[in-house]
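Chemist: Mind docking these for me? Both chains are given alone in their own frames, and the hints should help you get the complex.
Listed in order, the protein sequences are those of chains A and B. If you count the first sequence from 1, position 161 lands on 161 in the working numbering, and the numbers rise without skipping. If you count the second sequence from 1, position 56 lands on 56 in the working numbering, and the numbers rise without skipping.
Treat the hints as calculated values from the structure; they're not laboratory data. Bear in mind the structure is a predicted one, so any value in this text is a computation, not a measurement. Misleading hints may appear alongside valid ones.
To be verified - Covered stretches of chain A (in silico footprint by chain B; criterion: 3 or more residues with CB under 8 Å from a CB of chain B, positions within the stretch not fixed):
#, segment
1, 46-56
2, 62-76
3, 104-113
4, 121-131
Where a beta carbon is used, it is the ideal one built from N, C-alpha and C, also for glycine.
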Amino acid sequence: MTEAVLELRSVTKRIGTCRIVDNLTFDVPAGEVFGFLGPNGAGKTTTIRMIVGLISMTKGEVRIKGVSVRDQFELAMTHVGAIVENPEMYKFLTGYQNLVHFARRHHGVTKQRIDEVVKLLGLQNRIHEKVKRYSLGMRQRLGVAQAILHRPSLLILDEPTNGLDPAGIRELRDYLRNLAREEGISVLVSSHLLSEIELMCDRVAIIQSGKLVDIRSMEEARTQTQSKILLEAGDIDAARQLLSQLFDPSQVAAAGSYLEIAADKSVIPNIARVLIAADIEVLGIHAVQKSLEEQFLEITGGEMVV
Amino acid sequence: MSSLSQLIRNENMKIYRRPRTWLMVLFLVGAVALMSGIMKYDESRTDSGDWKASLTQQNQQMSSDVQNSSMDEDRRNSLENRIKLNDYYLSQNINPDELTIGDYVKSSASLILLVTLLTVVVAADMIAGEFTWGTIKLLLVGPASRTKIMLGKYLSTLAFALFLLVVCFLAALAAGGILAGFDGLSAPDISINASGIIHESSMLIASIEKYGYNVIMLLMYVTMAFMISAAFRSSSMAIAFSLLFMLVGNTLSAILSGYSWVKYLLFPNIDLTQYMDGNTPLRPEMTMSFSILMLAIYYVAFQLIAWLLFTRRDVAA
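So here's chain B without its partners, still in its complex pose (with noise of 0.2 Å):
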C-alpha cells in the first residue's frame, strides 16, 4: 500500500518538472523585481532635499486643518494620529520617505494576489489535467485509495503555494536589500493604532504579519480551485473558471453590497484586512469572527464536495 509521503513525492515530481512552473517562479521574481524597481523610482523623483522642513510644514498645515474646520471625529483623529507620527519620526530622527528594505518586503505582501492566481493555476489542474493527460487511470489503479491520492495532490499544492511565498519575501528581501541596502533589516517598523500610541516593531514580524492575512485569502481560493478541479475532466475549463470567480468574486461583491444576503456569500469574507484600523467591511454588521465563521464553513464545504467529486464518481473516460 502507498504512504502518503511518496504519494506527495509522485505529486511534486508533477509539479516541478514542469516547465510550466519554472516560468511562473521567474514571473513572480520578475513581478518582485519590477516593483521594487518602481518603488525606487519614485522614491528617486519625490526626493525634496530636506525632509525635516517639509515635514515640520506639513505638520503645521495639519494642525491648523484640524483647530479651523468642522470636520468630522475619524478624519480628525486620523490627522492627529498622523501628526503624532510625524513627530515621532523627527525626534527619532528617521525619514519617513526613505525607502528601508522593510518596505520593500511589506509591499511586496500585495504581490501575493499574484501567488495566489499563480497556485489557483496549479490547483486546477491538479486533478483535472489528470484527466486531460488520460493518466488518470493508471493513478488510480494502484494500491493507494482515491481519499489518499487526493489528500496527496491537495498537500502538494499547498506546499507549492508555501514555495512561491517563500520565493516572494527573499526576493523582495534581496530587491529591498540591494536598492536600500541590508543594514535596514535592523530598523524597527513604526506604526501608530487607532489610540494614537506609537508602536516599534520588528521589521521581519511586521512583513510576516501583512504577509499572514494575504494566506487566509489565497488558502481559500486555493481550496476552491481544487474543488473546481475536481469537478471538472479538462483542466483549461478548471483554470478558466477558477480563475473567473477569482477575478469576478469582488466585483461582483460590490454590486450585491445593497442585499443584506451578500454577506453569506464567499467573496465579501475572504479579505480580513477589512477588519485592520482604518477599513470598513462590505456591510456594516460583518465582524472578523462572523467573517472567519463563514471562510471556516466554506473550506469545510469545498473540501467535502471535492472528496465527493473525486472519491464517488466512475472514471469511465
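The following block holds chain A by itself, in its conformation from the complex (with noise of 0.2 Å):
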C-alpha cells in the first residue's frame, strides 16, 4: 500500500460525558477517494471539522502527509483543500476576488494557477461578478476551486452535494474522481447518501454514533454482492422440507407465501429438477440481487437515513 496521506489515530471527541466520535481510526493513501458514510448525526462532521482544526480533538491524533494537525497546525494545512458544508463565500467580493483572497494564504500560487482553475471549473464567463449573484451550483464550482488552487495532496469534502441539483451532482463526482485518478489527490468525502458514496468511491468507511462500524472496499462490496433465490410453489412446506435436504435448512426460510434460499443463481436448474420430479408445483424461481443499501443497511442496524 503506497503511503497514507490521511492517518487517524483513535481520535476521539467528547462534550461533558456524550462521546460524539469515539476512537476512530483509519487511513488514507494517496489517490483514493474515501467515502464516510453515516446517517445524520452520527459524527462525520465532527470528525472532519477535527481532522482540519476547527475543532479540538479530546484525544487522539490526526497526521496529514506524516505531520501532526495539533502540533504543526500551519505545515499540515498547506497540504489540505477543505469545503466544509456549504462553501460560504465573501458576497459582497467577485469570484476572482474570492479566489485572490484564499490564494493569497498559499505560497506560490500564481495569477495564471488562478485562471487554470477558473478555466477548469468552467467559471471564467462569470468569474468577475460578484458573489452574491451566483446559483448554488455556481458557488460550489467556486468553492472546489478554492480547495483546489494551491494543489493539495488531500481534498476534504463534507457533504459537498448538498443542495446541488442532480447534473450539478454527476459534474462534481465525475470532477472528483478525475482528480483523484489524474492528481494523485486522496479524497475523503462524507456523505449520509449512499447512493452517492456508491458512484464516487473506492472505499468506505461506516461510522455510527460516532464509532467506526466497518471500512470495506466498494470493489469487494460489488462483486462479493450476496444473491438470493425466491421460489413460488403449489405446496411451500414440502418444498421446503425437499429443499432443506438440498441446502443447509439455515439457508432456507419462509417469507410470507415465498420461500428464500440464500443462494447465487446457478442452483437454480437444479431446485427446479428436485421440486418437479418431487411433484410440486413451481409457479416461479428468480434471483434477487441483494442491495447495497441492504448490506449497509444491515451493517448500521437499519438505521441508515438516506
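Modeler: So, in C-alpha cells, the structure goes:
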C-alpha cells in the first residue's frame, strides 16, 4: 500500500460525558477517494472538523502527510484543501477576488494558476461578477476552485452535494474522480447518501454514533454481493422440506408465501429439477441481488437515513 | 504557510471592497464639512466690526471684576490669564475671533469621536462577521494559525482607524483652507499655560497633539470592540454591544462617581484630557499615571480575552 496521506489514530471527541466521536482510526492512501458514510448525527462533520482543526480533539492524533495537525497546524494545512459544508464565500466580493483571497494564504499560487482553475471549473464567464449573484451550483464550483488552488495532496469535502441538482452532483462526482486518478489527490468525502458514495468512492468507512462500524472497499462490495433466490410454489411446506435436504437448513427460510434461499443463481436449474421430480408445482423462481443499500442497512442495523 | 502581510492584505480587501466602508468615509467628510460650515456661519454672525475696541473693553471689564469681587483663586487666575492673552493679541495685531485654518483643524479633533464610532463598527464586525457570513470555516482551514489570522485582523482594523483619522484631518484642512485661506497654515498657535506664560507653537503640531489624546480613547474602544467581536458569533450583536458600552460608559461612570471604586473602571480613565489645565478628573485621587496604568491593564486584558476566545473555541456552527 502506498504511503497514507491522511492518518487518524484513535481520534475521540467528548463533550461532557457524551462521546460524539469515539476512537476512530483509519488511513487514506494517496490517490484514493475515501467515503465517510453514516446517518445524520453520526459524527461525520465533527470528525472532519477535527481533521481540519476547527474543533479540538479530546484524544488522539491526526496526521496529514505525516505532519500532526495538532502540533504543526500551519504546515499540515498546506497539504489540505477543504469545503466544510456549504462553501460560503464573501458575497460582496467577486468570484475572482474570493479566489485571490484564498490564494494569498499559500505560497506560490500564481495568477496563471488561478486562471487555470477558473477555466477548469468552467467559471470564466462570470468570475468577475459578485458572488451574491451566483447560483448554489456556481458557489459550489467556486468552493472546489478555492480548495484546489494550491494543489493539495488531500481534498476534504463535507456533504459536498447538499443542495446541488442532479447535474451538479454528477459534474462534481466526475470531477473528483478525475482529480484522484490524474493528479493523485486523495479525497475524503462525507455523505449520508449511499448512492452518492457508491458512485464516487474507492473505499467507504461507515460510522454510527461516533463509532467506526466497518471499512470496506466498494470493489469488494460490488463483486461479493450476496444473492438470494425467491421461490413461489404450490405446496410451500413440502418444497421447504425437500430443499432443506438439498441445502443447509439455515439457508432456507419462509418469507410470506415465498421461500427464500441464500444461494446464487447457478443452483436454480437444480432446484427446479428436484421440485418437478417431487411433483411440486413451481409458480416462479428468480434470483435477487442483495443491493448495497441492504448490505449497509444490515451493517448499521437499519438506521441508515437515506 | 501564510505570511502576515498577505493576511493583512486579505483583511484590507474585505474592508475596502465593501460599499459600507465608503459610506462611512463619505459620512465623515460630510460631518467635517458641516462642522466647518457652522463655524464659518457663527463667525460671520458675531462679526462686530472693531475687534480691537471690543477686546479692550472686555479687558477693562475683567480687570474691574478681578479687583472688586471676592472670587476664588482659580477663577481669578483664569481671568488674569485671559487678560494677558487679550493684551498679547492686541500687541501682535491678531484677531482671535477670526478663524484660521488651524482653528478648523483643531476643532475637527472633536470628530474623532465619530471616527471612533465608525471604527468600532468595523472592529466589531471583524471576527463576528466571518461567523455571520459562514466564511469562518474556509478562513480557518488554511495554513495560517488562528493567532496570525487574528493579528492580521487587528492590525488592519488599526490601519482603518488611521485611514479615517487622516481623512478627517485632511478634510478639515481642506475645509479650513477653503473657508479661511491656506496662508493661515504658517500662523502660530497661541496658548497660555497655568502659570501665565504665553506660548507660540506650530499650528500643525498643536493640532496633532489634540488628535493624539483622542487617539488613545480610539485605541481603547476599538480594542474593546475587537474583543466583543471575538465573543459573539453574530456581527449585529457585536456591533450593538460595542456601541452600547461606548455610549453608556461615560454616563455610567458619572452616575457612579460617588464610589471610589469607579476609578478602576475603563470609562473614567479613557479621557486623558481630564488631566489637562482647567479640567478636573472624575475622582480627586486620580492621576494621569494612574489612568495610564489602568488603560494599559485594560488593553492587555482585552487582547488576552480576545485571543483566548478566538483561538480556543471550537467552530461548530
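Chemist: Indicate, hint by hint, whether the structure satisfies it.
Modeler: Quick rundown of the hints versus the structure:
With 7 residues having a beta carbon nearer than 8 Å to a beta carbon of chain B, the segment 46-56 of chain A meets the requirement of three or more and the stated coverage holds. Coverage of the segment 62-76 of chain A by chain B holds in this model, with 3 residues showing a Cβ closer than 8 Å to a Cβ of that chain against a need of three. Counting residues of the segment 104-113 of chain A whose beta carbon lies closer than 8 Å to any beta carbon of chain B gives 4, which reaches the threshold of three, so the coverage claim holds. Coverage of the segment 121-131 of chain A by chain B is violated [criterion: at least 3 residues with CB-CB distance below 8 Å; count 0].
The structure is inconsistent with hint 4 alone, although it conforms to all the rest.
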